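> I would like the entire structure built from these sequences, with the hints used as guidance.
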Amino acid sequence: MIEVIYILWLRQLKHYWRSKARLIGSLGQPLLFMVAFGFGFGPMYTEASGGANYMDFLAPGIVSMSILFTAVFSGLEVIWDRQFGFLKETLVAPISRTEIMIGKTLGGATIAMIQGLIVLSLTYVLGFRIPSLASLGLGLVFMFLIAIFFTGLGLAIASKMKDMHGFQLIMNFLIMPIFFLSGALFPLENLPSAIYFISRIDPLTYGVDGLRGAITGMSIFGVYNDLAIIGLLSLLVCAVGTVLFSKLEA
Amino acid sequence: MQNILSVQSLTKKFEDFTAVKDISFNVQTGSIFAFLGPNGAGKSTTIKMLTTVLKPTSGEISINGFNALKEQDRARASFGIVFQDHSLDDELTAYENIVYHAVIYKVPKKERAERIRRALEIVGLWDRREDYVKKYSGGMKRRLEIARALVHYPKILFLDEPTVGLDPQTRKSIWDHIKNLNQEKGMTIFLTTHYMEEAEAIADQIAIIDHGKIIESGTVEEIKEKTDAESLEEAFLKLTGRDIRDENNEPANKMRMIRGMRRRNRH
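Protein sequences, first through last, are from chains G and V.
The first sequence maps to residues 37 to 286 in this note's numbering.
The second sequence maps to residues 835 to 1101 in this note's numbering.
No lab work stands behind these hints, which were simulated from the structure alone.
Do not take every clue at face value.
[To be verified] Computed cross-link-like contacts, EDC-like style, restricted to lysine to aspartate or glutamate with a CA-CA straight-line distance of at most 16 Å:
{"id": "1", "chain 1": "V", "residue 1": "Lys-847", "chain 2": "V", "residue 2": "Asp-924"}
{"id": "2", "chain 1": "V", "residue 1": "Lys-975", "chain 2": "V", "residue 2": "Glu-955"}
{"id": "3", "chain 1": "G", "residue 1": "Lys-50", "chain 2": "V", "residue 2": "Glu-964"}
{"id": "4", "chain 1": "V", "residue 1": "Lys-944", "chain 2": "G", "residue 2": "Glu-39"}
{"id": "5", "chain 1": "V", "residue 1": "Lys-969", "chain 2": "V", "residue 2": "Asp-924"}
{"id": "6", "chain 1": "V", "residue 1": "Lys-968", "chain 2": "G", "residue 2": "Asp-117"}
[Unchecked claim] DEER-style ranges, computed between Cβ atoms:
{"id": "7", "chain 1": "V", "residue 1": "Gln-842", "chain 2": "G", "residue 2": "Leu-49", "range": "49 to 57 Å"}
{"id": "8", "chain 1": "V", "residue 1": "His-1045", "chain 2": "G", "residue 2": "Met-207", "range": "37 to 45 Å"}
{"id": "9", "chain 1": "G", "residue 1": "Asn-261", "chain 2": "V", "residue 2": "Lys-855", "range": "55 to 63 Å"}
Here the structure is a predicted model, which means the values were calculated and not measured.
Glycine residues also receive a C-beta, built at the ideal position from the N, C-alpha and C atoms.
Structural data, given as structure tokens:
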């Protein structure tokens, strides 16, 4: 059981590590967002909030964003496995679909975590500071849960897709809205009621809020409420993914 | 003789199209069984059901005494498969591909290195084990897939067109390996191929499927006798006709085509 999960995990890490272009390329977007938004909106935010530093608000959002994208892509990679035929090799093996789901979720989540940690260190270069080791520890828990949830979501979606044709649909109608309406870039206050509602059913909202609460002390819902919500959602998405995987046909 | 594989009234329907219609057959332990048919006859659909990646609409499959629908994992551990299309991870080395296989098939850790070495030696790839699969030629990939399927000591090996697109040298060496495995290890071989002379040379038992039904079965001699043919190829053409079938006649593609046509007609 453990070894099967380990080998699935190891394969994904090898893929990640061997594709240096992807590793470096995926750092471009968070860096651009951080510099463009950080310096662009920074003065406005400081004025509107009465002196607060926008980088403190933005850094956890950008870390969450990089985890979101890396995790979803890692999950969707199963579609490539299917197209290149490798998925069959795993599906005909005498292993449970739960093992496959756990191995793939942990693999994708680990990659997303590494990506998130690299972005977190970049925020340090741009002047963002975490107050204590304890808050860093709690922050890592949130980063991991965000990574688990969105890898699981990517896998669940991938199990229903035959090819990459639906990729744009998923990006523009699911992942981008999840990102923009999660409070990663701007505070979720004084919003029109429709946007307010969407932001409240957006799983990333609780991830971002929790991470921000953990590493900067700013939280709307309370760190432990966030922890409970994102933790439960992660379990739920993995359970759903396992069911979908067990129905998967090659 | 015992049957390692037993199929009863197997049927697979895709929406309004029936790919496999109520087929039954047995494969004897230790034999080489060739499953032949034109493109789109239902060969691959049948193999997919036998190897548990596709659920039958109805029917029973027993592999090595295990019910392939209810005791999936034990059935899965009993067979090895070389798929018709590519199923290696190009971004891993040959060795890593096989280790992955050995682990997910739960080959005991102590025996792993030795078994992998032997499997790679059988197909002559031991010296190239550290190469990435993407650097391999088509024939090498095929040999690697065969080596991989051997690592967990399957009782029955499914080979779905193992020699398609390969040069005569590679084809010969692959069939030699397969014959060896059959004779020395007593491994049952279930194969499909479009090369009738290959099937004629190697198979103990043959079943010919067309339009989802088994239209003839028996030894090569029996089939030639029944159809009054000189060669298996002649017998095959007599049985299945000379019309050329659509390439790529996979049921999924067919359905997509039909659906696409309907959609176009609606406009």
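> Hints first: check each against the structure and report whether it holds.
Each hint, compared with the structure:
| no. | hint | verdict |
| --- | --- | --- |
| 1 | Lys-847(V) x Asp-924(V) | 34 Å, violated |
| 2 | Lys-975(V) x Glu-955(V) | 14 Å, holds |
| 3 | Lys-50(G) x Glu-964(V) | 14 Å, holds |
| 4 | Lys-944(V) x Glu-39(G) | 14 Å, holds |
| 5 | Lys-969(V) x Asp-924(V) | 8 Å, holds |
| 6 | Lys-968(V) x Asp-117(G) | 15 Å, holds |
| 7 | Gln-842(V) x Leu-49(G): 49 to 57 Å | 44 Å, violated |
| 8 | His-1045(V) x Met-207(G): 37 to 45 Å | 43 Å, holds |
| 9 | Asn-261(G) x Lys-855(V): 55 to 63 Å | 58 Å, holds |
Hint check: violations occur at hints 1 and 7; the rest are consistent with the structure.
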